Amino acid sequence: ETGVTQSPTHLIKTRGQQVTLRCSSQSGHNTVSWYQQALGQGPQFIFQYYREEENGRGNFPPRFSGLQFPNYSSELNVNALELDDSALYLCASSFRLAGLNEQFFGPGTRLTVL
Amino acid sequence: DAKTTQPPSMDCAEGRAANLPCNHSTISGNEYVYWYRQIHSQGPQYIIHGLKNNETNEMASLIITEDRKSSTLILPHATLRDTAVYYCIVKDGNAGNMLTFGGGTRLMVKP
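Protein chains in written order, with my numbering: chain A, 92 to 205; chain B, 127 to 237.
The shape of chain A in the complex, shown without the other chains:
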């Protein structure tokens, strides 16, 4: 059983650019969530996807968007990057949409915006 993987591990972009981060869910999981973690803070929920549709969103602007593919892998896209978007981006997968299931987190992608 493979765990949650994310790519790339590190990324440097400049203000105004666009970025795509990728996540492969743990085998058998059909739900993926994305979180942003600024330095020294806890992760903040961005959104989650279930069966290729967005199902729940946190307090993030529309320039944060995502996709989930039939194989349950996922992408996080951020347009018009701002300096404050510099953070660790985490994805987490679980095997159902709601309930008492635990979530499995990937190692994250460290994004630096200059």
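Derived by calculation from the structure, the hints in this document are not laboratory data.
Keep in mind that this is a model prediction, so the values were computed, not measured.
Any given hint could be a false lead.
Unchecked claim - DEER-style ranges, computed between Cβ atoms:
#, chain 1, residue 1, chain 2, residue 2, range
1, A, 103, B, 141, 36 to 44 Å
2, B, 195, A, 205, 40 to 48 Å
3, A, 131, B, 142, 25 to 33 Å
4, A, 156, B, 140, 22 to 30 Å
Said to hold, decoys possible - Chain B stretches covered by chain A per the calculated footprint, using a threshold of three residues with CB under 8 Å from any CB of chain A:
#, region
5, 170-178
6, 226-235
Claimed, not checked - Computed, partial: chain B to chain A, Cβ under 10 Å:
#, residue
7, 167
8, 211
9, 213
10, 217
11, 219
12, 222
13, 223
Built from N, CA and C at the ideal position, the CB exists for glycine as well.
Chain A is already provided as a structure; the job is to place chain B on it using the hints.
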């Protein structure tokens, strides 16, 4: 906003029990208490969860007070590898997967 309050940091001697407190005085009847931890440079890792009864697994024990307004995570024999930030999270059992993280407790296990 997080519904929990935790001390920002704690120290524990290696081999001793680490007791991490969490206050969740506004918890409602269908909300569970979850604990995750985040070791440096890694994603958060699930530890345990409970509703009102005490719970134990291979990693830790969770003690929830009778009024459910607070809980304690117990690592019975802390090791250096338990050094991490520990997050106490309150989540509705019928809701989606969104986890609301607070600041957590930075546990330092010392030799």
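Structure versus earlier hints, numbers of those that do not hold, lowest first: Of the numbered hints, just 4 does not hold.
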